[in-house]
Amino acid sequence: MSTAPEPVAGARTGLAGLLVVPATLFVALGLLGPIAILFRYSLNQFIPGQFMVDGLTIENYVKFFTDAYYLNVLLRTVRVAVVCTIVCLIMGFPLAYVLARTQSRFKNLLIISVILPLFVGNAVRAAGWMTAFGSKGALNASLMGIGLIDQPLEIMFTETAVVIGIIAVNLPFMVLTLQSVIEGIPRNVEEAAFSLGAGPSAMFRRVLWPLALPGVLAGTILTFILAMNAYATPVLLGGPKFQTMGPLVYGQFAQQNNWPFGGAIAFILMTATILLTVAAHLIVQRRYR
Amino acid sequence: MSASSRPSLGRIALNGAAGIALVYILLPLIFVTWLAFFRQEIPSFPPEGYSVKWFAAAANNQPFINGFLLSLQVAVAATLIGLVIGVPASLALVRHRIVLGPMFNTLLLLPLVMPGIVLGTALYVFQIETEIATGLPVMGSLGGLIMAHALVVIPWVVRLVTASLVGFDRTIEEAAQNLGAGPFTTFRRVTLPSIRPGLVAAALFGFVTSFGNLEMSLFLVGPGRTTLPIAILQYLEWKIDPTVAAASLIQIVLIAVAMIVTDRYVKLSRVV
Chain W
130 MSTAPEPVAG ARTGLAGLLV VPATLFVALG LLGPIAILFR YSLNQFIPGQ
180 FMVDGLTIEN YVKFFTDAYY LNVLLRTVRV AVVCTIVCLI MGFPLAYVLA
230 RTQSRFKNLL IISVILPLFV GNAVRAAGWM TAFGSKGALN ASLMGIGLID
280 QPLEIMFTET AVVIGIIAVN LPFMVLTLQS VIEGIPRNVE EAAFSLGAGP
330 SAMFRRVLWP LALPGVLAGT ILTFILAMNA YATPVLLGGP KFQTMGPLVY
380 GQFAQQNNWP FGGAIAFILM TATILLTVAA HLIVQRRYR
Chain Z
484 MSASSRPSLG RIALNGAAGI ALVYILLPLI FVTWLAFFRQ EIPSFPPEGY
534 SVKWFAAAAN NQPFINGFLL SLQVAVAATL IGLVIGVPAS LALVRHRIVL
584 GPMFNTLLLL PLVMPGIVLG TALYVFQIET EIATGLPVMG SLGGLIMAHA
634 LVVIPWVVRL VTASLVGFDR TIEEAAQNLG AGPFTTFRRV TLPSIRPGLV
684 AAALFGFVTS FGNLEMSLFL VGPGRTTLPI AILQYLEWKI DPTVAAASLI
734 QIVLIAVAMI VTDRYVKLSR VV
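Residue numbers (my numbering), protein chains in the order written: chain W, 130 to 418; chain Z, 484 to 755.
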């Protein structure tokens, strides 16, 4: 039966290609469908007391972009995301490089300790920072203990706390993305640069960085998206007064029951994330090609 | 002497910078671990003493237990669904020239980069519309939650299984078929064993992604039905104390054990 490979293979190709259909249908239905409905909702009207009223209006979007409060939330979210992404890149690169190049037999243990916090969840990690940042927390207690300050620092419920928290959440993503790309760069090219007289900084600038650029881009995009859309970290470390886009969307749905406006904010968040990502992509491509 | 000490100085700086980043990543977990063993309830440093009584408190906290059981149930179901429909899709994508193949691939990876908050709101309104259209109690249901989690498991399965299939030598399969194995036997006896590392990694990452999912699940849990991450978040919005730290530490240890066990079969540094 299967001694004639040609027709068998041919027959399998036609059928086997269909194996992609269930997953594709599932994702299309479960992702694109809901997003289309969400967009449709964002064009509806919200009349207090009457809930959602069918309509075709852009008033939810107008409301967002004409209200200084909401614009400030968007601006704050972008600012936090940009700072976090830049710090992640600067802090992540050395660690990624060391992990990629190490010959240590503890390499797997090191990788696990980078992945583990990722798996533990954002709320748990925020809990760790909450322990540190309180007025009698580890940070203030140790700073006051060594006499650097005599009043506890107000870190909890500030932008600084949120930035510190989000960097810790996103750093593993950056490190793992960079590490896999650096591992694919042959060591020889670095040694070639050195033997041709380049110092470490020239080697980094002229050889390593350009070759690692795809990873830099992928890692930057990933961490930026995550930072823009953070929820648990701003809620727990920023407190109720520190609004960013993620909690704002949730609040509109869960507390205000204003689905059209919540839908509009979700769409603005998604669009802003995509636009800034594409812009960064274009700038990097223009500079380095 | 100075020529040989200069690069090693750079080495030290590099390792130092890497060490700082690693400590920074681990610092929140270290604080949580520390707090879990405090004797007093208030998280003030330095602690008055140490105790393990909070682990009993965490293990008797009903929201945490219920959340843990629900998260476990959802993660197992979502991972199974993700594997059952994700693995065939990966096979088809790698093995066959499908019209618009790259587009399918992008679509299947999309839930991974889709922000959890946006995905959660979108699925929430989708469930509303489905409930209106069919009259079935979809909103806040266990089935709805599992399906949503399967959606975020699929990209991991597709990504990790396609990666392990790309380097696979197809002539081995042809050899099996020449020796008389049917397509199913070939798959079970040849293909499956050789992509096992990818499958194990996909199962682990899918499971953990689902288990830890917070943002999307916020919109999809029903009354009296809360996953563990949400239970922890709600507790933390109220207060931070050693009980929640102990519950977190139990979770950290379970995940660490799962990772170390998985690492014995599949080197995690190769699959991430």
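Be aware that one or more of the hints could be misleading.
What the hints assert, rightly or not - Cross-link-like lysine-lysine pairs, in silico, BS3-like; alpha carbons within 27 Å at most:
1) Lys536/Z with Lys236/W
2) Lys370/W with Lys192/W
3) Lys265/W with Lys750/Z
4) Lys236/W with Lys722/Z
5) Lys536/Z with Lys722/Z
6) Lys265/W with Lys192/W
7) Lys722/Z with Lys370/W
Stated by the list, open to error - Listed below are several chain W residues computed to face chain Z (Cβ distance under 8 Å; list not exhaustive):
8) Pro151
9) Ile164
10) Gly250
11) Ala267
12) Ala297
13) Val336
14) Val364
15) Asn386
16) Trp388
17) Met399
FYI, nobody ran anything at the bench for these hints, they're computed from the structure. The beta-carbon is built from N, C-alpha and C at its ideal position, and this holds for glycine as well.
Hint check results:
With a C-alpha separation of about 35 Å, the suggested pairing of Lys536/Z with Lys236/W is violated against the 27 Å cut-off. Taken as a hint, the Lys370/W and Lys192/W pair is honoured in the structure, with Cα atoms around 21 Å apart against an allowance of 27 Å. Between the alpha carbons of Lys265/W and Lys750/Z the distance comes to roughly 42 Å, so the proposed pair goes past 27 Å and is violated. The suggested pairing of Lys236/W with Lys722/Z is violated, with an alpha-carbon distance near 37 Å, which exceeds 27 Å.
Restraint check for Lys536/Z and Lys722/Z: the C-alpha separation of about 18 Å stays at or below 27 Å, so the hint holds. Under the criterion of a C-alpha separation no larger than 27 Å, the hint pairing Lys265/W with Lys192/W is inconsistent with the structure, at around 42 Å. Proposed proximity of Lys722/Z and Lys370/W is supported: the alpha carbons are some 17 Å apart, at most 27 Å. Given the 8 Å rule on beta carbons, the hint for Pro151/W holds: about 5 Å separates it from the nearest Cβ of chain Z.
Look at Ile164/W: its Cβ gets to within about 5 Å of chain Z, closer than 8 Å, so that hint holds up. The interface hint given for Gly250/W holds, since its Cβ lies 4 Å from the closest Cβ of chain Z, which is under the 8 Å cut-off. Interface hint at Ala267/W: satisfied, since its Cβ lies 5 Å from the closest Cβ of chain Z, which is below the 8 Å cut-off. A distance limit of 8 Å between C-beta atoms decides the matter here; for Ala297/W the minimum to chain Z is near 6 Å, and the interface restraint holds.
The criterion of a C-beta within 8 Å of any C-beta in chain Z is not met by Val336/W, whose closest approach is roughly 15 Å, and the hint is violated. At about 7 Å, the closest approach between the beta carbon of Val364/W and any beta carbon in chain Z falls short of 8 Å, and the interface hint on this residue holds. This hint is violated: Asn386/W has a C-beta 12 Å from the nearest C-beta of chain Z, more than the 8 Å allowed. A cut of 8 Å between beta carbons decides the hint on Trp388/W: the least distance to chain Z is about 7 Å, and the hint holds.
The closest approach between the C-beta of Met399/W and any C-beta of chain Z is roughly 5 Å, which is under the 8 Å cut-off, so the hint is satisfied.
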